[in-house]
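2 protein chains.
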Amino acid sequence: MEQVIEHKLEQFRELNKKIRGYYEAVALMAWDLRTGAPRKGAETRAETLGILSTESFKLQTSPEMGELLSFLNRPEILEQLDDVNRRTVENVQEEYDRSIKIPAEKYQEYVTLTSHSETLWEDFKENSDFASFEPYLTQIVAKLQEFIDYWGPKDTRYDTLLNLYEPELTTVKLDEVFGQLRDRLVPLVEAIQASPNKPEAEFLNQLFDKDQQEKFSKFLLEQMGYDFDAGRIDESVHPFATGLNPGDVRITTHYLQDDVTSALFSSLHEGGHALYEQNLSTELTGTPLAEGTSMGIHESQSRFWENMIGRSRSFWERYFADLQQHFPEQLASVTAEDFHRAVNRVENSLIRTESDELTYNLHIIIRYELEKQLFNDGLSVKDLPKAWNEKYEKYLGIIPPNDGVGVLQDVHWSGGSFGYFPSYSLGNMYAAQIANTIRKEISNFDELIAEGNFAPIKEWLIDKIYKYGKSRKPAELILEITGEELNPNYLADYLEQKYKAIYNL
Amino acid sequence: MEQVIEHKLEQFRELNKKIRGYYEAVALMAWDLRTGAPRKGAETRAETLGILSTESFKLQTSPEMGELLSFLNRPEILEQLDDVNRRTVENVQEEYDRSIKIPAEKYQEYVTLTSHSETLWEDFKENSDFASFEPYLTQIVAKLQEFIDYWGPKDTRYDTLLNLYEPELTTVKLDEVFGQLRDRLVPLVEAIQASPNKPEAEFLNQLFDKDQQEKFSKFLLEQMGYDFDAGRIDESVHPFATGLNPGDVRITTHYLQDDVTSALFSSLHEGGHALYEQNLSTELTGTPLAEGTSMGIHESQSRFWENMIGRSRSFWERYFADLQQHFPEQLASVTAEDFHRAVNRVENSLIRTESDELTYNLHIIIRYELEKQLFNDGLSVKDLPKAWNEKYEKYLGIIPPNDGVGVLQDVHWSGGSFGYFPSYSLGNMYAAQIANTIRKEISNFDELIAEGNFAPIKEWLIDKIYKYGKSRKPAELILEITGEELNPNYLADYLEQKYKAIYNL
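Residue numbers (the working numbering), protein chains in the order written: chain A, 30 to 534; chain B, 30 to 534.
For the record, the hints were derived by calculation from the structure and aren't laboratory data. There could be a bad hint or two in this list.
The list treats identical chains as one, so a pair stands whether inside a single copy or across any two.
[Said to hold, decoys possible] Derived SDA-like pairs (lysine to any residue); straight-line CA-CA distance at most 20 Å:
hint: 1; residue 1: K47; residue 2: I80
hint: 2; residue 1: K423; residue 2: R211
hint: 3; residue 1: K239; residue 2: V372
hint: 4; residue 1: K46; residue 2: E76
hint: 5; residue 1: K415; residue 2: P430
hint: 6; residue 1: K69; residue 2: E525
hint: 7; residue 1: K47; residue 2: L88
hint: 8; residue 1: K487; residue 2: Q235
hint: 9; residue 1: K46; residue 2: P357
hint: 10; residue 1: K420; residue 2: E93
hint: 11; residue 1: K69; residue 2: M253
hint: 12; residue 1: K69; residue 2: T311
hint: 13; residue 1: K69; residue 2: I491
hint: 14; residue 1: K46; residue 2: V113
hint: 15; residue 1: K87; residue 2: Q40
hint: 16; residue 1: K487; residue 2: G407
hint: 17; residue 1: K87; residue 2: E43
hint: 18; residue 1: K69; residue 2: Q353
hint: 19; residue 1: K47; residue 2: G79
hint: 20; residue 1: K37; residue 2: E398
hint: 21; residue 1: K87; residue 2: L285
hint: 22; residue 1: K202; residue 2: D385
hint: 23; residue 1: K69; residue 2: R261
hint: 24; residue 1: K247; residue 2: R68
hint: 25; residue 1: K69; residue 2: E251
hint: 26; residue 1: K47; residue 2: R63
hint: 27; residue 1: K154; residue 2: I380
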C-alpha cells in the first residue's frame, strides 16, 4: 500500500479511537448514574455528559474527518483496504452524513426538547395525562419529520427512522413479515385463551430472598459463559447491558422480593446482550464496528438466551434443582415441569414489558403500525390514544382503562425513539430463525441445554455472529447464517409448537 | 462592566467548565478502576484515560486559553472582576504557565517514564531490589531537575517542587517548623518508649465481622455529617476520597477482618477529606477553585476528623458503646478508656502508613530532609538507601532490615511525586493550630464531641475553610483563621499533652 494511504489510514484510526474514548467515558458516566451515583451530583453530571457528547460529536463531524473520508472513501482506495478498514470507512461515512446534514442548532433544540419531554413523561404517565404530553409529542414528531427531510426520505418517510436502528430494512419488508406474524399469532392467542389446560403459577406468589436471587443470577450467568473478568453485575431500576469496551461489558438487574422470575430472566436477557459484546473480534477494538450490528440482532441474542434457552423445558430439567436449593421452602412441592409451565403462561395484558413471549409481539406490531401512520399517513398525535385503544381491542381483546397503562406506558416516544420498537420483535424473529439453523448444525442442541453445556452453543454464536460486530449488516448476517432472508414463520412455528405442548391445544 | 469584558469572561468560564467536565470524567474512570472495574477492560481504560487527559491538557494550554488570559490577567481588568473571577484568572494563569513551559515531548517522556516506573516499583519493593529501581529513580530526578529549570527555580530548587503541592510555602520556613517539631518530638518519643505505663491492645487481635465494620463506618460517617446524597462509600485496596463534583464526593475504605481499627479510622480520615469538598461554596462550581486549596490543608481536614476528633477521649466516651453493640463478643470486657488508649499507642515502626499519630511526623521529616538533599545538595540516588537508614536510626532508633521496608516502601517517588510528603505533616500542624483556635471560639468543643453533636464544629469549618475552596491560599487561610502563620508548637503541645496523659509521663 502506498505510504500516503498508510498515513491517512493511521490518522483515521487514531481519530476513531479518540471518538471511542469519549464513547467509553460517556457510557461509564451513564452506567454510574443508573447504578448508584449520588442524587446531588446528577445535575452537574448531566452537564458533563453534555460537554463530552458535544466534543465527540464535533470530532465525528470535524473538517479533519471530512477530509479523511473524502480521501479514503473512493473505490480506488477502498479496494486496497482490508475488510475491517473498508467497513469502518463505510460505517463512519454513514454516521458522518447523518450528522452533518442536521444543522447544529436544530440538533441542539431537539436534544433539549426530548430530554425535557422524557423527564416530564414520568409525571404524565403517572397521572394518565395525555393532554399535557400531546404538545411535546407533536413537536417531537414535527422535528423528526424535519430531520427526515434533511436526511432524505427513503421508500417511505418512516423507513428513514427505521434505518436508524435497523440498517437497510424497509417498511415494505416489515409490513410483510409483521403481517404474516400477526395473522398466525392472533389465532394462537385465541386458542390459548380458550384452552382449559392453563399452567398453575400460584407458587410464584411468595417472597424470595434477594441475596439468594442474586446468587442464583450470578450462577446462571457463569453457566452461560458470561466472563466476570470482563464485566460485572449491579442493580438498577431498569435492567440494561452496556459495553464500555470489549473487556468491560456490564449488566444490571433488579431483584424483586415478590417476583423471583424478574431478575432471573432479566439476567439471562442482559447476559445475552453482554455475551455478544464480550466476544467481538479484537481487531474491531477502537473502531466504530466494535458494537452489535443492529438493535434487532442485538435483541435476538438477548432473547435467544432468555427465551429459546432460558424458557425451554430442557433448561429447567437441568436447573430447577439448583433453583430449588436456593429456595427450598418456597419450591418444596414444585416440579421442573410445573416451573417451566408457570414461566410460560400466556396472558393478554396491557403492559408490553410485563407481557409473555407470545403476546409481546402483538404489543410491538401495534406500536409499529401506529408509528407508520404517524409518519407516513398523517395520523395526528392527538388521535393517538384512540388509535392505540382500538388496536389493543382488536389484537389483544382488551381496552386500556386509562392512557397511563395505554399510550403513555413506554418511555421511547417521549425521547424521540420512533422506529425503535420493531427491533424487539425483529429480535424474536431473528432468534427463532437462528435457533432453527443451530438445531440443524448442532444436532444435540437440546441435550446440550439439558446438560448445561453451553460452550458449544456459545462458540457457534461467536463464530457466526458475535465476532463480526458491526462489520456485517443485519440482512447480510442473517442470510449468511441461515441461508435465507428474514422469515417470520420460524418464530410462528416455534411459538405454535411450544404453546401447543404447554396448553395441550 | 464593559460588554467586551463580560463576553471574554463568559468564554473563559465556559472553557473552564469544559476542562472541569474532563476532570469529572477522568476522576470517575479512575474511581471505577479502583472500585471494581473488570480486569480485562483495564488496558483499554488506560488508553481512554490517556486520550481524555491529553484533550484536557490541550484545552488548558490552548491558544484560546492563552488569549483569554492575556486579555483578562491585566490590572485594569482584574480590578473590575469579583473575587471568584479574579482568583480563577490567577489560578488558571499559574497552571497555564506551569504547563506551557514544559515542551510537550518532554512532558510525554516524563509521563511514560513515571507510569512505567510506578508499575515496576511494586516488584522492586516486593523483592527489596533498590539496585533495579535506581536507574529509574535517577532518571526521574534528572527530569524533574530539568523541569525545575523550565519552570525557574525559586529560593532553592526544591521550593519549586514543594509549591506544586503547597503554594507559596518555602524550604526556609519548612526547615524552621520541621526543625522545631523534630526537636520536640524526638524526646517525647524517647520518654514514651521508656514509660512502663503502656496501653494494652491485645483485645484488638481478634476477628471482627466485615459487615458489622461496614455498618459502623457508615454510622460514624453519618454522625460526622457526611452527606450520603452527595457521595457514596465503596471498598478499594487503598482508601481514598475523590470529588467528582461538589454533589458527588466519594470515599472508599478497606475492611480487614483482623484489624477493626483500619476501616474505622480510614473512614473518618477520608470522610474529613470529603466534608471539605462537599461543602465548597456553590459559586465555585465549574471553576478550578472547586477543590481543596492545597494538599496540606486538605490533609489537615482528614487528620482533624481522624485524630483530633476520632482519637480523642471524648469521642470514645460517646461512641464506644455503639462499637461494643456492633461487636458484643469481642469487646465484652473492654472499656471506652481501654479502647481510647489502645488506638493511641505509640510504637517506633518502619512503615509510615502503619505508624501512629506521633511518630508519623518523624517518618515525614526524614523524607523531607532526603528530598531536599537530592534536589538542593547533590545527594545522589545511589546513596539514598544508606542516608535513609541512617535517619531512621537517628530519629526512630530502628534500622530497616531491607530496602523493601525502607527506602522502597512508598509509591510516591516512583511516580515522581517529590515535594508531596511534607503535606502530611503540614496537615497535622495545620489541624492542631486550627483545633487550638476552635477551642477558643467554641468553648464547649470537647462537650460537643462527647455528645456526638458535630454540627456546630462542621459549620465552623465550612465557614472558615471549606466554603473557600482554592479561592484562598493556604498561608492566607491559616493566618485569617488563627491570626498567625503556621506554627508547629500547637502540634507539639497537643501531642505532648495527649501522650503525657496516656503514658503517665
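Hints and how they fare:
1. For the identical chains of this complex, K47 and I80 are neighbours both inside a copy (15 Å) and across copies (6 Å), given an alpha-carbon limit of 20 Å.
2. In the homo-oligomer, the alpha carbons of K423 and R211 lie at most 20 Å apart inside one protomer (11 Å), although the nearest pairing across protomers, at 88 Å, exceeds that limit.
3. For the identical chains of this complex, K239 and V372 are intra-copy neighbours only, at 19 Å inside a copy versus 38 Å across copies, given an alpha-carbon limit of 20 Å.
4. Proximity of K46 and E76 under a CA criterion of 20 Å is satisfied inter-copy only: 9 Å between copies versus 23 Å inside one chain copy.
5. Proximity of K415 to P430 under the C-alpha cut-off of 20 Å is restricted to the intra-copy arrangement: shortest distance 12 Å within a copy versus 84 Å between copies.
6. Taking the shortest Cα distances, K69 and E525 never come within 20 Å of each other, neither inside one copy (51 Å) nor across copies (42 Å).
7. Within a single copy, K47 and L88 get their C-alpha atoms as close as 9 Å, and across copies as close as 15 Å, so both meet the 20 Å cut-off.
8. Taking the shortest alpha-carbon separations for K487 and Q235, neither the intra-copy value of 34 Å nor the inter-copy value of 47 Å comes in at or below 20 Å.
9. Neither within a single protomer nor between protomers do K46 and P357 lie at most 20 Å apart by alpha-carbon distance, with minima of 51 Å and 56 Å respectively.
10. For the identical chains of this complex, K420 and E93 are neighbours neither inside a copy (49 Å) nor across copies (58 Å), given an alpha-carbon limit of 20 Å.
11. With identical chains, the CA atoms of K69 and M253 are at most 20 Å apart between copies only, with a shortest distance of 19 Å across copies and 38 Å within one.
12. In the homo-oligomer, the alpha carbons of K69 and T311 lie at most 20 Å apart only across protomers (12 Å), although the nearest pairing inside one protomer, at 38 Å, exceeds that limit.
13. With identical chains, the CA atoms of K69 and I491 are at most 20 Å apart between copies only, with a shortest distance of 18 Å across copies and 42 Å within one.
14. Proximity of K46 and V113 under a CA criterion of 20 Å is satisfied intra-copy only: 14 Å inside one chain copy versus 38 Å between copies.
15. Taking identical chains as interchangeable, the C-alpha atoms of K87 and Q40 lie at most 20 Å apart whether they share a chain (16 Å) or sit on different chains (18 Å).
16. Taking CA atoms no more than 20 Å apart as the test, K487 paired with G407 passes in neither setting, with 45 Å inside one copy and 62 Å between copies.
17. Taking the shortest alpha-carbon separations for K87 and E43, both the intra-copy value of 15 Å and the inter-copy value of 16 Å come in at or below 20 Å.
18. When the C-alpha separation of K69 and Q353 is checked against a cutoff of 20 Å, the pair qualifies neither within a copy, at 42 Å, nor between copies, at 34 Å.
19. In the homo-oligomer, the alpha carbons of K47 and G79 lie at most 20 Å apart both inside one protomer (17 Å) and across protomers (10 Å), since each shortest distance falls under that limit.
20. Taking the closest pair of Cα atoms, K37 and E398 never come within 20 Å of each other, the shortest separation being 46 Å inside a single copy and 52 Å across copies.
21. Proximity of K87 and L285 under a CA criterion of 20 Å is satisfied in neither setting, with 42 Å inside one chain copy and 47 Å between copies.
22. In this assembly of identical chains, the alpha carbons of K202 and D385 never lie at most 20 Å apart, being 25 Å within a copy and 75 Å across copies at closest.
23. For the identical chains of this complex, K69 and R261 are inter-copy neighbours only, at 11 Å across copies versus 25 Å inside a copy, given an alpha-carbon limit of 20 Å.
24. Within a single copy, K247 and R68 get their C-alpha atoms only as close as 28 Å, which misses the 20 Å cut-off; across copies the closest is 18 Å, which meets it.
25. Taking identical chains as interchangeable, the C-alpha atoms of K69 and E251 lie at most 20 Å apart only when they sit on different chains, with a minimum of 16 Å there against 36 Å within one chain.
26. Proximity of K47 to R63 under the C-alpha cut-off of 20 Å is found in neither arrangement, the shortest distances being 25 Å within a copy and 23 Å between copies.
27. Taking the closest pair of Cα atoms, K154 and I380 come within 20 Å of each other only inside a single copy of the chain (13 Å); across copies the shortest separation is 60 Å, beyond that limit.
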